[in-house]
Amino acid sequence: MTMASNRALALLLCFSLSALSVAAVGFGDLPGNREVIYRPGTEVRIPFYVINGEHIDVTLSTAAPQHPETIGTPEDDNIVSYAAIADPAPRTGDRIVEVVFRFPDHQLRPGTYPVDVYATDVRDIGGATVTAVATVKFRLTVWVLSPEPLIHVTGVSAEPIAEGLRADATVWYISRTLQDLTATTEVRVMKGNSTLATATGDPRLLPSGKADTATLSLPTEGLAGGEYEMYATVRYGDAAEGGPAVLKIGTLHVAIPSYTGELRYNETNRFRFNVSNQWNRELKKVYASLSLGAQEKTTASLDIPPFGQTEYEVYFDRDDGLLPGPAVMNATVTFQDYDTRQGQYVDKTESFGLPVSIVVPPAVEQPLALRDVLTWGLGIAVIALLALLFALRRRRTPPVQEK
Numbered sequence: 324m325t326m327a328s329n330r331a332l333a334l335l336l337c338f339s340l341s342a343l344s345v346a347a348v349g350f351g352d353l354p355g356n357r358e359v360i361y362r363p364g365t366e367v368r369i370p371f372y373v374i375n376g377e378h379i380d381v382t383l384s385t386a387a388p389q390h391p392e393t394i395g396t397p398e399d400d401n402i403v404s405y406a407a408i409a410d411p412a413p414r415t416g417d418r419i420v421e422v423v424f425r426f427p428d429h430q431l432r433p434g435t436y437p438v439d440v441y442a443t444d445v446r447d448i449g450g451a452t453v454t455a456v457a458t459v460k461f462r463l464t465v466w467v468l469s470p471e472p473l474i475h476v477t478g479v480s481a482e483p484i485a486e487g488l489r490a491d492a493t494v495w496y497i498s499r500t501l502q503d504l505t506a507t508t509e510v511r512v513m514k515g516n517s518t519l520a521t522a523t524g525d526p527r528l529l530p531s532g533k534a535d536t537a538t539l540s541l542p543t544e545g546l547a548g549g550e551y552e553m554y555a556t557v558r559y560g561d562a563a564e565g566g567p568a569v570l571k572i573g574t575l576h577v578a579i580p581s582y583t584g585e586l587r588y589n590e591t592n593r594f595r596f597n598v599s600n601q602w603n604r605e606l607k608k609v610y611a612s613l614s615l616g617a618q619e620k621t622t623a624s625l626d627i628p629p630f631g632q633t634e635y636e637v638y639f640d641r642d643d644g645l646l647p648g649p650a651v652m653n654a655t656v657t658f659q660d661y662d663t664r665q666g667q668y669v670d671k672t673e674s675f676g677l678p679v680s681i682v683v684p685p686a687v688e689q690p691l692a693l694r695d696v697l698t699w700g701l702g703i704a705v706i707a708l709l710a711l712l713f714a715l716r717r718r719r720t721p722p723v724q725e726k
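In our numbering, the protein residues as written are 324 to 726.
Calculated directly from the structure, the hints in this document are not laboratory data.
Bear in mind the structure is a predicted one, so any value in this text is a computation, not a measurement.
One should not assume that every hint holds.
Derived SDA-like pairs (lysine to any residue); straight-line CA-CA distance at most 25 Å [claimed, not checked]:
id	residue 1	residue 2
1	671	544
2	460	419
3	671	604
Here are the in silico distance ranges between beta carbons for each label pair [unchecked claim]:
id	residue 1	residue 2	range
4	621	668	48 to 56 Å
5	533	389	46 to 54 Å
6	670	581	23 to 31 Å
7	581	390	18 to 26 Å
Note that CB positions come from ideal geometry on N, CA and C, so glycine has one too.
Produce the entire structure from the sequences given, and follow the hints as far as they go.
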């Protein structure tokens, strides 16, 4: 074996071992908030752990465009020029590493700049560096705030409620401007183009680069159960930013949104169906009784989460009394609800008529099996042989002479 092939074999072995070890290479104690606010002349340090490797290389990368000719101007977008890795022991094992941003005194171009941090296990064999195929990363986002007023709505939500209650809507928003702003939050509940309920919060000061949360109480007591569109708007000066959400108002009700629509005539049939919970709380011990013709079947008892659904199935036996054509599957769904007056769970039921069709399976012509062919052939041969013997016997038998 040549020296080159020996070296290739060593590299291959090292690569295999390194690939096995790098599968566990990762990060520890990552920052919960991975947004960095750019402020001229400041330094930001973000520490993290690299773990589960013997020779871990840590690097930075960014997909943001770089224009070196703009450095030192308000159009500067060279974010990577101001970011570096502070590594106390490069290409060693578990350790604490930092990403350091040293921002210049001048303003950068407003916008967002992603910076990816990579950790890779490496090997140095015979002067050749072998990099493992698996690499892990996490992303930091640098925000360069705008000199103009700007707010982003980052989230809108409302917990499901029962009929007859008020809904609390929560709106999250953040400043993306160098200015301190006064923000006012409004939430509307809508159906199509009609506004059914609205709430407006008090004006609040939002400092530059800071986030805030507003929770508003909506007058939804008179709305029927169902899903409604909800839209939040944060107003600041002459500008506004908004975001949508869904408000679910629950009713103590179940539904059968889907089921098997066709059954085969005079066959054993599997009937599958879904029961959905229209309530904002879990329904306990939900089961269904179904009847079709003379047969009655009962499902297992299951719990269904709020606004969730569960699939059931039963089997109906062969019955030639159920003739082909339209039929109705009668279903009764039983579930438990907590009665606050009685202080205990009580059974409630809802009934459904599910239209189904009983169909005749199409006739399928099957080719004769070899056994059938042999049986028929043997039968025909026997008949032919008997006919031949009968004919020969008649020829050999002399005619009877009359006296």
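Structure-based check of each hint:
| no. | hint | verdict |
| --- | --- | --- |
| 1 | 671 to 544 | holds, 24 Å |
| 2 | 460 to 419 | holds, 15 Å |
| 3 | 671 to 604 | holds, 15 Å |
| 4 | 621 to 668: 48 to 56 Å | violated, 20 Å |
| 5 | 533 to 389: 46 to 54 Å | violated, 29 Å |
| 6 | 670 to 581: 23 to 31 Å | holds, 25 Å |
| 7 | 581 to 390: 18 to 26 Å | violated, 56 Å |
In this structure, the earlier hints numbered 4, 5, 7 are contradicted, and the remaining ones agree with it.
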